[in-house]
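A.B. asks: So for the sequence shown, numbering that gives the first Met the number 0 puts the first residue at 0; every next one is plus one.
Since the hints were made in silico from the structure, they are not lab data. Each hint should be verified, as a subset may be incorrect.
[To be verified] Restraint ranges, calculated between C-beta atoms of paired labels, are given here:
#1 R92 <-> A37: 43 to 51 Å
#2 T118 <-> A16: 38 to 46 Å
#3 A16 <-> T83: 20 to 28 Å
#4 E18 <-> T118: 30 to 38 Å
#5 S54 <-> T105: 15 to 23 Å
#6 S30 <-> G117: 33 to 41 Å
#7 L86 <-> R31: 24 to 32 Å
#8 S30 <-> T105: 16 to 24 Å
#9 A21 <-> G96: 33 to 41 Å
Using N, Cα and C, we set each Cβ at its ideal position, and we do this for glycine too.
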Amino acid sequence: MMTDQRTERVLRTYPSAIELLAADYPQWGISRVRDGAAHGDWQATRDGVVLAADSPAGLLVRLEAQELSRLQEAYKDRYWIRRTPSLWIATCRTDNGSEPTLMRDTSCDLEAAMQAPGTWGQVPPMRRTP
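Starting from the given sequences, assemble the full structure and let the hints guide the process.
C.D. replies: Here it is in C-alpha cells:
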C-alpha cells in the first residue's frame with residue numbers, strides 16, 4: 000500500500016514529458032503513438048508537419064530545430080534568430096526604435112515578442128537611422 004501512495008504522490012508532483020513538451024510548444028499537438036499494446040514513437044504535429052522520435056529528448060531536439068527554421072524563415076527580413084541551450088534570441092536587423100534584442104524562454108514567447116516588440120528608449124530619435 001505504501002508503494003502505491005508514494006507513486007501517486009510522485010505522479011502528482013512531477014509533470015509528464017508530454018505535459019512539459021505541450022507547455023513549451025502549445026501550437027504543436029504532442030502525443031505518443033501506440034503500436035499494439037506497446038508505446039511507439041513520440042510525435043508532434045503542426046500545420047501538416049509531423050515530427051517523430053523514439054524519446055522525449057529526441058522529439059525536443061526535432062521540435063527546436065523545426066521551430067528555429069520556421070521562425071528564421073518567417074522573420075528573416077526583420078530579425079536574426081538563434082537558439083542557445085536555455086534561450087531563444089532575436090536581434091533586430093535595423094535600428095527602427097524597437098528593442099534591439101529579444102530574449103525569451105520559449106519559441107512561442109519569442110514569436111509574440113517579435114510581433115509586438117517594445118520600444119527602446121536609449122537611442123534618441125534624432126540619432127536613429129531612417
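A.B. asks: Next step is simple, just say for each hint if it's right about the structure.
C.D. replies: Evaluated hints:
no.: 1; hint: R92 <-> A37: 43 to 51 Å; in the structure: holds, 48 Å
no.: 2; hint: T118 <-> A16: 38 to 46 Å; in the structure: holds, 39 Å
no.: 3; hint: A16 <-> T83: 20 to 28 Å; in the structure: holds, 22 Å
no.: 4; hint: E18 <-> T118: 30 to 38 Å; in the structure: holds, 36 Å
no.: 5; hint: S54 <-> T105: 15 to 23 Å; in the structure: holds, 20 Å
no.: 6; hint: S30 <-> G117: 33 to 41 Å; in the structure: holds, 36 Å
no.: 7; hint: L86 <-> R31: 24 to 32 Å; in the structure: holds, 28 Å
no.: 8; hint: S30 <-> T105: 16 to 24 Å; in the structure: holds, 19 Å
no.: 9; hint: A21 <-> G96: 33 to 41 Å; in the structure: holds, 36 Å
Checked against the numbered hints given earlier, the structure satisfies every one of them.
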